[in-house]
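**Q** Go ahead and model the full structure; you've got the sequences and the hints to work with.
Protein chains: 2
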Amino acid sequence: MTETKDDTNPSRRSLIGWGGAGLALGAVAAGGAVAMTRTGDDVEPTAAETGAAVAFHGANQAGIATPVQDRLHFAAFDVDTTDRAEFVQMLKDWTAAARRMTAGKTVGDGAYGGLAEAPPDDTGEALGLKPSRLTLTIGFGPSLFAKFGLADRRPDALVDLPKFAGDALDASRSNGDLCVQACADDPQVAVHAIRNLARIGMGKVSIRWSQLGFGKTSSTTPDAQTPRNLMGFKDGTRNIAGTETDRLKKFVWVGEKDGPEWMVGGSYVVARRIRMHIETWDRTSLQEQEDVFGRDKGEGAPVGKAKERDEPFLKAMKPDAHVRLAHPDANHGSTILRRGYSFTDGTDGLGRLEAGLFFLAYMRDVSNGFIRIQRNLATDALNEYIQHVGSAVFAVPPGVRDKDDWWGRTLFSEEA
Amino acid sequence: MTETKDDTNPSRRSLIGWGGAGLALGAVAAGGAVAMTRTGDDVEPTAAETGAAVAFHGANQAGIATPVQDRLHFAAFDVDTTDRAEFVQMLKDWTAAARRMTAGKTVGDGAYGGLAEAPPDDTGEALGLKPSRLTLTIGFGPSLFAKFGLADRRPDALVDLPKFAGDALDASRSNGDLCVQACADDPQVAVHAIRNLARIGMGKVSIRWSQLGFGKTSSTTPDAQTPRNLMGFKDGTRNIAGTETDRLKKFVWVGEKDGPEWMVGGSYVVARRIRMHIETWDRTSLQEQEDVFGRDKGEGAPVGKAKERDEPFLKAMKPDAHVRLAHPDANHGSTILRRGYSFTDGTDGLGRLEAGLFFLAYMRDVSNGFIRIQRNLATDALNEYIQHVGSAVFAVPPGVRDKDDWWGRTLFSEEA
Chain A
19 MTETKDDTNP SRRSLIGWGG AGLALGAVAA GGAVAMTRTG DDVEPTAAET GAAVAFHGAN
79 QAGIATPVQD RLHFAAFDVD TTDRAEFVQM LKDWTAAARR MTAGKTVGDG AYGGLAEAPP
139 DDTGEALGLK PSRLTLTIGF GPSLFAKFGL ADRRPDALVD LPKFAGDALD ASRSNGDLCV
199 QACADDPQVA VHAIRNLARI GMGKVSIRWS QLGFGKTSST TPDAQTPRNL MGFKDGTRNI
259 AGTETDRLKK FVWVGEKDGP EWMVGGSYVV ARRIRMHIET WDRTSLQEQE DVFGRDKGEG
319 APVGKAKERD EPFLKAMKPD AHVRLAHPDA NHGSTILRRG YSFTDGTDGL GRLEAGLFFL
379 AYMRDVSNGF IRIQRNLATD ALNEYIQHVG SAVFAVPPGV RDKDDWWGRT LFSEEA
Chain B
19 MTETKDDTNP SRRSLIGWGG AGLALGAVAA GGAVAMTRTG DDVEPTAAET GAAVAFHGAN
79 QAGIATPVQD RLHFAAFDVD TTDRAEFVQM LKDWTAAARR MTAGKTVGDG AYGGLAEAPP
139 DDTGEALGLK PSRLTLTIGF GPSLFAKFGL ADRRPDALVD LPKFAGDALD ASRSNGDLCV
199 QACADDPQVA VHAIRNLARI GMGKVSIRWS QLGFGKTSST TPDAQTPRNL MGFKDGTRNI
259 AGTETDRLKK FVWVGEKDGP EWMVGGSYVV ARRIRMHIET WDRTSLQEQE DVFGRDKGEG
319 APVGKAKERD EPFLKAMKPD AHVRLAHPDA NHGSTILRRG YSFTDGTDGL GRLEAGLFFL
379 AYMRDVSNGF IRIQRNLATD ALNEYIQHVG SAVFAVPPGV RDKDDWWGRT LFSEEA
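Keeping their order, the protein sequence lines are chains A and B.
Numbering of the first sequence is given in my numbering, commencing with residue 19 and proceeding in unit increments.
Numbering of the second sequence is given in my numbering, commencing with residue 19 and proceeding in unit increments.
Warning: the hint list may mix true and false statements.
Note that identical chains are pooled: a pair holds if it fits in a single copy or bridges any two copies.
Stated by the list, open to error - Lysine to any residue pairs mimicking SDA-like chemistry, simulated, CA-CA at most 20 Å apart:
1) 336 / 135
2) 333 / 347
3) 267 / 390
4) 421 / 431
Calculated from the structure, these hints are not laboratory results.
**A** Spelled out as structure tokens, the structure:
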């Protein structure tokens, strides 16, 4: 929860003053946070005070247990350099940039006061925008561990995902050596962050694929209403909330007994691009739709119950109902922290909406988490209406502890 | 400004009550509008009262002079049916759905109270969300006038766009018989609207291409700060504001002298998908960037001036500066109402961000508006960093006047 203060560096806000604060796009913090009403530019906001900036430093990375922001830009990178020192330096540079951007500052302090002959340190499109609860979360893919002599440091829990029934994976939308998840309440802030990291990484890494997302499809805020997915159903009712310390410890954070040591306080993330056959779904009867999910569409209540959060009675549902098959009781108690976003990427070549769910889930154990549950969903009635078209898994290292720490230090540093 | 009231039909809000109001995603109205603070579900909000719903009825269509919303979903459709009566019925059905959706209601009144055996009237993903200032604006492309015996009703002003220097147009992202522009402060509301219109049109029309956009890149609100484009520059400082009745009449609305009669109160819209060569731009020096635009990057002031809104002195700029070439003084006084959005559609096959500006502009006269200005931009220094990859033009008919009126009536109705 450490906040670095550096009054000598320009913040995005102080550069233009607060004249434009009334206009700042989409910068109102949601999910129970309080909107900023400041009129001066000399005080750094804190998360507790305003909800507008999320602390970058901590034992765990932000962006996992953090209340879900409205927008996502997720990018997977391939590593191009073979020079370990160069790659480590890039991770340090990324960390410094992430620390500043999540605080609402420009990437470098010479952005507009520096040399006119040089490219600006910051691309500038987030100037004047608030921090917008930006979080940046890094992950390391299985393929990274084949590089830089890291083979013996690959966690046992970072297994390659098996092929699941119905998978139709596009290699150009799958895997990657690295990932960065950028979440913010303003899409321009999330896009700006990924773009500037890509720019800093130029020549060392390149973007393999990326995904924009909107409209929280799950919520880590326990009492808030569950958002609807693009099928019109509430999804993620019983998700793990960021305040549930016990469930986070049990299902999300890598513990000391799990190992390896460099991953303690970290997690694993599974990303799946799930295309929805929207047009088919929209021609399906209400009864069939409700049977498929095991909930009613309006309220979101489990079959036979009145309210969304009523305890589901699984046996009242059809055997292939989504809720029944995904429930912890059907998966030896397993559950995962879901943090997915809806996406709409225009139209496919056949006049159909290219839309669906970009599923993101964090877990302590990939085999006992996503793999177990996804295998159990092989008979899910929902499978008729969806298809998994992209897939990736990453080891998410622990948080950056202070201003001298950096993303990946525990993996790369000899002293770790 | 007529608001229909229909207390017998469920609104999106009354279906779930207001318990979720605190969570409604991104539904806070921006651009000077006032956020809703209602706690009851029995009163329909009005635009004047809350800013959360924009009136659907009026002499002009909403979504043109309306203060720009945060998000865009724009879709171009091909007409598949050859049956004029069937097409006209679809336009009537679309109008009824648009009237309801812009008021925050479900598409039909049987959405969840109707038959379980039938598909729901509404796809449901906007249930519980506020109207979010949704506007829906329809346009008719040149190719539509080759159908349904409409050839002699095509406006002279609806010219085909010529090929401009540097164009690299993708046919699959260009043209269309129809377009619908959906703008809202919540992307899920905009996406929901396009999807439901596509669903109603199934078998009669199909989506040819569509585009998501975010982050207003121009503002029709005169005193608000101008948003930045993805090059980090303020763009659209001297845009026509929705309150400037004289400039709207002169440059945007088709007048009685212009004809044809069915277009009076309408306008023309030009859509251009402009890809930015982000990576090249980001490696360009600050001085070069500022020279290209003719503004400084931080404040947005014209060359030699202190403030964004200071009167530009064009001769102080380089001859190929964007502001200098686009200025009305360089175009025989011509100007257009810009309403574009930034886009980021992931990554191209070469690891570069697929990002840029989805340019939308409304004008009374296409030849004297967009075509004149775009020709003058042939020598624009900006052309080194951008490429036009999609293009379309549409005639935008006048507004729907009341609950008996419908989109396209003045074009299709014999009595018109």
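**Q** All hints are to be evaluated individually against the structure, with a verdict given for each.
**A** Going down the list of hints, with the structure as the test:
no.	hint	verdict
1	336 / 135	between (67 Å within a copy, 17 Å between copies)
2	333 / 347	within (11 Å within a copy, 74 Å between copies)
3	267 / 390	within (19 Å within a copy, 64 Å between copies)
4	421 / 431	within (16 Å within a copy, 69 Å between copies)
Checked against the numbered hints above, the structure violates none of them.
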